[in-house]
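For the protein sequence lines, the chains are H and U, in the order given. With the first letter of the first sequence counted as 1, position 10 gets the number 9 in numbering that gives the first Met the number 0; the numbers rise by one all the way through. With the first letter of the second sequence counted as 1, position 185 gets the number 184 in numbering that gives the first Met the number 0; the numbers rise by one all the way through.
Since no wrong hints were added, every one of them can be taken at face value.
Covered by chain H, per the in silico footprint, the following chain U stretches (three or more residues, Cβ under 8 Å): (1) 23-31; (2) 129-135; (3) 140-148; (4) 193-199; (5) 203-209.
Some chain H residues well away from chain U (every beta-carbon gap over 12 Å; in silico): (6) E15; (7) Y16; (8) V60; (9) F120; (10) K125; (11) A128; (12) V130; (13) M142; (14) S149; (15) I159; (16) I162; (17) K163; (18) P170; (19) N204.
Since the hints were derived computationally from the structure, they do not count as laboratory data. Where a beta carbon is used, it is the ideal one built from N, C-alpha and C, also for glycine.
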Amino acid sequence: MAEQSKLREFTKGIFEYNPMFVLVLGICPSLAVTTSVKNGLAMGGAATFVLICSNFIISVVRAYIPREIRIPCFIVVIAAFVTMVELLMKAYLPPELNASLGIFIPLIVVNCIIMYRAESFAYKNKPLASVLDGAGLGLGWTMSLCLVSSIREILGAGTIFGIKISESYQPASVMIMAPGAFIVLGLLLGFFNWLKLRKSEKALNAYMEHD
Amino acid sequence: MPIWNMIKEIAIIIVSVVFVNNFVLSKFLGLCPFLGVSQKTSAAMGMGVAVTFVMTIASAITWIVYNYILLPGDTNIIAIVFPSIRELGLIEVLKTISYILVIATLVQLVEMMLRKMVPALYESLGIYLPLITTNCAVLGVALLNTTDSPTHLGFLQATVQGFGAGIGFTVAMLLMSGIRERLALINIPQPLRGVPIAFICTGLMALAFFGFSGMVQ
Chain H
0 MAEQSKLREF
10 TKGIFEYNPM
20 FVLVLGICPS
30 LAVTTSVKNG
40 LAMGGAATFV
50 LICSNFIISV
60 VRAYIPREIR
70 IPCFIVVIAA
80 FVTMVELLMK
90 AYLPPELNAS
100 LGIFIPLIVV
110 NCIIMYRAES
120 FAYKNKPLAS
130 VLDGAGLGLG
140 WTMSLCLVSS
150 IREILGAGTI
160 FGIKISESYQ
170 PASVMIMAPG
180 AFIVLGLLLG
190 FFNWLKLRKS
200 EKALNAYMEH
210 D
Chain U
0 MPIWNMIKEI
10 AIIIVSVVFV
20 NNFVLSKFLG
30 LCPFLGVSQK
40 TSAAMGMGVA
50 VTFVMTIASA
60 ITWIVYNYIL
70 LPGDTNIIAI
80 VFPSIRELGL
90 IEVLKTISYI
100 LVIATLVQLV
110 EMMLRKMVPA
120 LYESLGIYLP
130 LITTNCAVLG
140 VALLNTTDSP
150 THLGFLQATV
160 QGFGAGIGFT
170 VAMLLMSGIR
180 ERLALINIPQ
190 PLRGVPIAFI
200 CTGLMALAFF
210 GFSGMVQ
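Kindly produce the complete structure, drawing on both the sequences and the hints.
Written out as C-alpha cells, the structure is:
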C-alpha cells in the first residue's frame with residue numbers, strides 16, 4: 000500500500016497533474032525555449048533538478064519556516080539552486096546551448112511550477128514524498144516540452160535533434176518564431192481538452208447503459 | 000544638441016520595447032498574468048499600471064545593484080571592505096538571488112507606500128500587487144537591462160527600457176482583454192474554450208506585431 004502511494008506521488012505529475020497541459024503553469028519558458036528538442040530537454044532537465052532539490056530542502060526545513068514569511072524563504076531556496084544549475088550548465092554544456100536558453104535559466108526562479116509545488120506539496124509533506132513529487136512533475140514537464148519542441152522543430156526547421164527529416168520539405172519558419180509557439184500550444188491544449196471531454200462522455204454513456 | 004539626441008534615443012528605446020520587441024508577444028515574458036488577468040479590461044488596466052510601476056523602479060534599482068555591488072572593478076562598494084571582490088565581483092553567484100530579493104522587497108515597499116499615500120489606487124490593484132513578485136517580466140527586464148544586455152546600458156536607458164517594457168505589457172494586456180470580452184459572447188468549439196483559444200488569439204496578435212519588426216534595430 001505504502002509502495003503504491005509512493006508510486007502515485009511520482010506518476011501523478013506525468014498525466015493527472017501535467018504542468019503544461021493540465022495545470023497550464025510555467026508557460027513563459029515552455030514557449031520561449033521550445034524552438035528545438037535539444038533546448039527543450041536542457042530546460043526540462045534544469046527545471047527538474049531545481050524542482051527536486053528545492054522540494055527536498057523545503058520539506059526538510061518546513062518545521063522551521065514561519066507561515067508568514069514562507070514565500071521569501073521559498074524564493075531564497077529556489078534562487079540558490081537556480082544559481083547552482085546556471086553555473087553547472089555554463090561549465091559543462093556547449094556555449095551555443097547556453098546562449099539559446101539565455102535569460103530563461105535565471106528565470107526558473109519565478110517559474111510558477113516550482114513555487115506551486117513548494118507551497119502546496121513540499122511545505123506539507125515528508126522529504127521522500129516531496130522528492131518523488133518533484134521528480135514526477137519535472138518529468139511530466141520535460142516530456143511536454145519535448146512534445147511541443149519536436150512539433151515546432153519539425154514544422155519550423157524541418158529537422159529533429161538537428162537532423163534533416165526530408166530534402167523536399169520547405170520549413171515554415173514562422174513555427175519556430177513567437178506566433179507559431181502560441182498557436183501550437185493553443186491547438187495542443189485544445190486537443191488534450193478534446194481527449195478529456197471524449198473520455199468523460201464515454202464514461203457517461205457507459206454509466207447510462209449500465210443503468 | 001545633446002538634449003535632442005537624448006530624446007531621440009529614449010524614443011527609439013520605447014518604440015523598440017513596446018512594439019518591435021514586445022515582452023509578451025515576442026519575448027514570452029509575463030504570460031501568466033497576461034492570460035490570468037485579461038478577462039476584463041478594467042482588471043487588465045490595473046495589472047498593467049502596477050507592473051509598469053514596479054518594472055520602472057526595479058530597473059532603476061537593479062541597475063544600481065549591478066553596477067555598484069555585483070560588477071568587479073573600482074566602482075564596487077563592497078570592495079572597499081573586502082578587497083578580493085574588486086577582481087572577481089559577485090556577478091556569477093549573487094545575480095539571481097540579489098535581483099529577486101530586490102524585486103520582492105520593492106513590491107512589498109510599493110504596497111505599503113500605496114496603502115498609506117494613494118489608498119484609491121491600492122484598493123483597485125488589490126491582489127495583483129503581491130503577485131508581481133513572481134511575474135517573470137519584472138525579473139526579465141532586470142536581467143535584460145544588465146547582465147544579458149548586448150551593450151552596457153546607462154542608468155537612464157535602463158530605466159526607460161523598464162518603463163517601456165511595462166507600457167508594452169499594458170498594451171498587449173488591453174488588446175487581449177478587448178478580444179477576450181468579445182470571445183465570451185461567441186460560440187467556440189467546446190475543447191478550445193478558455194485558455195486554448197486565448198493562446199491562438201495571442202499567436203495571431205504576435206503575427207500582427209511582426210509587422211513592426213525591422214522598424215528599429
